[in-house]
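With chain A held as given, fit chains B and C onto it using these hints.
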Amino acid sequence: MTAEELQETIARQFGRSLHIRTLDTGSCAVCEQEIRLLAAPHYDLQRLGFFFTPAPRHADLLLVTGPMIRAFEVAARKTYDAMPGPKIVVATGACALGGVYPADPFTHGTVDAVLPVDVWIPGCPPSPLALLQGLGVAVGRLAGKVRDLPFTVDDDPERTRGDS
Amino acid sequence: MTTVEPRVVPGAVTTFQVASPDLEAVVRDLAGLRLADMFAGGSGGSSPRASRAASNGEQTILRLVWANDTQGEAGYVITETPIENGEYPALSDIAPAAFVEECEIYEQFGIRPASGKPLNRIMLPPHADLPTLGRKPRSEPEEQHAPHLVGGQAFEFPFGPVRQAGVESLYYGLVTSGEEVVDLYLFTWHKHRGLEWRLQGMTPHDALFLAERAEGLSAVAMTWALAAAAEAATGIAPAGAAQRTRAVAAELERLYNHAAAMAALCQSTGLSVGQSAAEIALERLLRLNARAFGHRYLFGVVDVGGASRAPDADAIREDLPAAYGEFRRAADALLGTNSFVDRLEATGILTAAQARGLGLVGPVARAAGLTADTRLVPGGPYGKQVTAATATAGDVLARFTVMLAEAAESVRLIGQFLDAGTAAGTTELPRTGGTGLGWAESSRGEALAWIALGDDGRITRARLRPASARNWRGFDDACRSQNVFTDIPIIEASFWLTAAGMAR
Amino acid sequence: MTLWFIRGLRRGVVTTRYPARPDPSARFLPTPPAFRPRALTRETAGRLAATCPSGALRLDDLTLVYDVGRCTACGRCAAEAPAAVQSSGEFELAATVRSELIKRIPLRETS
Chain A
22 MTAEELQETI ARQFGRSLHI RTLDTGSCAV CEQEIRLLAA PHYDLQRLGF FFTPAPRHAD
82 LLLVTGPMIR AFEVAARKTY DAMPGPKIVV ATGACALGGV YPADPFTHGT VDAVLPVDVW
142 IPGCPPSPLA LLQGLGVAVG RLAGKVRDLP FTVDDDPERT RGDS
Chain B
8 MTTVEPRVVP GAVTTFQVAS PDLEAVVRDL AGLRLADMFA GGSGGSSPRA SRAASNGEQT
68 ILRLVWANDT QGEAGYVITE TPIENGEYPA LSDIAPAAFV EECEIYEQFG IRPASGKPLN
128 RIMLPPHADL PTLGRKPRSE PEEQHAPHLV GGQAFEFPFG PVRQAGVESL YYGLVTSGEE
188 VVDLYLFTWH KHRGLEWRLQ GMTPHDALFL AERAEGLSAV AMTWALAAAA EAATGIAPAG
248 AAQRTRAVAA ELERLYNHAA AMAALCQSTG LSVGQSAAEI ALERLLRLNA RAFGHRYLFG
308 VVDVGGASRA PDADAIREDL PAAYGEFRRA ADALLGTNSF VDRLEATGIL TAAQARGLGL
368 VGPVARAAGL TADTRLVPGG PYGKQVTAAT ATAGDVLARF TVMLAEAAES VRLIGQFLDA
428 GTAAGTTELP RTGGTGLGWA ESSRGEALAW IALGDDGRIT RARLRPASAR NWRGFDDACR
488 SQNVFTDIPI IEASFWLTAA GMAR
Chain C
9 MTLWFIRGLR RGVVTTRYPA RPDPSARFLP TPPAFRPRAL TRETAGRLAA TCPSGALRLD
69 DLTLVYDVGR CTACGRCAAE APAAVQSSGE FELAATVRSE LIKRIPLRET S
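Protein chains in written order, with our numbering: chain A, 22 to 185; chain B, 8 to 511; chain C, 9 to 119.
Honestly, the hints are just simulated from the structure, not real lab data. Some clues are possibly wrong.
[Stated by the list, open to error] Label-pair restraints from in silico Cβ distances: (1) ARG112/C with GLU25/A: 24 to 34 Å; (2) ASP175/A with PRO32/C: 22 to 32 Å; (3) PRO32/C with THR358/B: 45 to 55 Å.
Where a beta carbon is used, it is the ideal one built from N, C-alpha and C, also for glycine.
This is chain A alone, in the form it adopts within the complex (with noise of 0.2 Å):
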């Protein structure tokens, strides 16, 4: 099996059965409030498959939330260290994107300074149906849209270029 192989064949296993623990480097509470609705019976995660797990030990994804407070940095890596691989970061909320917060003393501003992120998520807060399409991105079963998303209104139908 390659290396590539292997990949699919885990992600493929993620995507089937996934087990989030939760991360607060300095959020608002906010961004927590949406994620505690995931299992509720609106958005119910887990009938995707998809479950929370307090113990990182047990844990495929790190929901890693909040602008990566400095003080907070050790408990973060500690989190992080104790998931065994294969593991996916997902950074959601526009604090751990960068928003809100610039780098200074108190905060790193993001939280891709100090954990390997491999999915962004943003909002503030992200709410549980972009949370849910962050999560099936993460797993690959559902293909990102953002990619080919312009943000641009091009009200002149004569122009034939897009802006992106």
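This is chains B and C only, laid out in the frame that chain A set:
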């Protein structure tokens, strides 16, 4: 220097200068009021870097904010005392509520109570060279906690800050004797984002963006308090319709938080069905928020001078009855489930004396019999229409029933405000210097903000005090003698605070 | 427990079909902005970059560099220049490569 005796004027904020030698006597005189906050800051002059001015030897002003909670006469008093020699009279012996703030002031300004008693680490992480609001203290806080032995036996262990999935990072220092909690202390400095430091130099409008995120679950209340402080500092009075918009948002915020607290209570007692029912109500309320105000958590509603968005009144009238109906049905079913109620009764009791001594606010205080409710302060959009819900038992069940009563009241108030008319409306603040105090009743209790503006209209000192910053200090009293494994989550859910609000 | 069971049956299923089917509640979610290049003068783009409280907008010569990842959908840029900014309506924004979230939007040639 003679001291004018501070008196509360209903609906107003009156500020009194008190010389340092007179401070102790004044604090004794004011002991009948609630000490709402204590903080230090620059003189509030035109320099945008007041902290630099403070470290250059300019006097640091110690401010105490007192609240009168008596119905019909509610108002605030602020005493301002210039600090000399880096010391001030020990106040927490007279007003126990002040201890946490004394520690915070030491960490940020290096000034301490004259008694020389040990102070704890509260806000700033150890061994970190972080910017402070004033001059750094000469030595680290000594950190003394309550004696940890019960009959010679005690087991101390840390829990957190990484806890179970989906909750904030929070560090508990648990001291137990068997399964009984002997002591519990919390650290939140791993979530300290230095917000008050960041706000320096910002305009109030820009500061609201960060104030929302001090404690996102109280975004409306915290921004309302900060906007009101800026308006008080510059003499602006928002229009009635915009005030009612703020109030509608604040009541919607109260509703969803109480639904979330109910869900957390069910989770803590292991009642999954109840948790699901509460979460259905919570999700419907959040979707109502998105439909009415454009954001599930009501970010971006409050602005200086009023509100940046008016609610979709028809959407609220359409969706609120059904959403609240879900909430009410879940609550009624829970109150009829004996196995659930048994877990709540006589758990986590806080007496009125404890709540008063610690200056607690919100449903936690009201469930112990205190009447503090910021909505009763005359002059706001609530008028006399609010009935503050209280209980006497002070246990988790009392806090739960107070939340349920408040939720019913919130629905009624929203209807009244919508009928009276809501609108958006903001004002550009005049560029004048000044100081002001603002407040709002969050779902957790009184949210306070104080602001000092320079002549360029920018913040020289902003003080954010969400209710969590006050109420966590009651948590260890409520948990004492309770079961460490089964009761602490229940008590935590009944307080429904956030680590973010404490850490800022 | 029977009461809970009956109540649950009566309410029915509330679970979303997402991601298999779209969810109607998504249309009320706040979303990051989309920009109208024809209305983006250098002056407007400069104002937008200064207004953004989250550092999502930056002016780079004749390009507005827009980091969707940093955006909080606060709406301040739309309030600042309504002709140049509108809501994108997109909430499915997860990216496996960070640069997929960075959009370079050309400004109008003349300012």
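To see whether the hints hold, each was checked on the structure:
At about 31 Å, the CB distance of ARG112/C to GLU25/A agrees with the hint of 24 to 34 Å. Against the hinted window of 22 to 32 Å, the Cβ-Cβ separation of ASP175/A and PRO32/C comes to about 28 Å, which satisfies the hint. Hint check: PRO32/C to THR358/B, Cβ distance near 49 Å, so the stated range 45 to 55 Å holds.
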